[in-house]
Structures are given as C-alpha cells and as structure tokens.
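From just these sequences and the hints, can you work out the full model?
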Amino acid sequence: MKTIEYPTTGTCSKQINLTLDDDNRIINAEIVGGCPGNTFGLARMIEGRPASEVIALLDGVTCGAKPTSCPDQLAKALKKAIVG
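Okay, so the sequence shown: first residue is 45 according to my numbering, each after it adds one.
Treat the hints as calculated values from the structure; they're not laboratory data.
Here are the simulated EDC-like cross-link-like pairs (lysine to aspartate or glutamate), alpha carbons at most 20 Å apart as the crow flies:
1) K46 with D66
2) K123 with D103
3) K123 with E91
4) K46 with E91
5) K120 with D66
6) K46 with D65
7) K123 with E74
8) K120 with D67
9) K120 with E74
10) K123 with D65
11) K46 with D67
12) K124 with D65
13) K123 with E97
14) K58 with E74
15) K123 with E49
16) K124 with E74
17) K123 with D67
18) K46 with E74
19) K124 with E49
20) K124 with D67
21) K58 with D103
22) K124 with D103
23) K58 with D116
24) K120 with D103
25) K120 with D65
26) K120 with E91
27) K123 with D66
The structure is reproduced here in structure tokens:
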C-alpha cells in the first residue's frame, strides 16, 4: 500500500491525497479545496478503480481557459504514485 500527498498547481484545489493498494487500485482519494460537490463526487467515483484506468479518463481535462483542472491534476498525482 502507498500513500501520496500531491500539491496541485493551476487549480482551485490545493492538494490531492491518495492511497493505493499493491495492485495500484485507488483505496482512498481526497481533493483538498476546490468546488466541494465536484471534488467529493470525483473522489467517490474513482475509489476502487485501477489508477491506470482513471489516468486514461482524466489526463488532459481542462477547466475553462485554464490548461489544467482538478481531474487533470488527479491524473498527474496518480502518475506520480504509480511511478514512485
């Protein structure tokens, strides 16, 4: 099992906390800051899923004119978590 605290950049959220099991399935996800309904919903939707699946779904998602988003930052956090 591994835990990561990922400081976000370019978003309203400030940090993403993740716990993955030994098979890189997401056990727990917390997005600190940002729009509460969206971040709680997003965290709930990804729990139990493989990190690689979530990365494929969320990588590159933008928020308005911003070049990133909370989902994109989540994908970046997951990439960091599975690479080590």
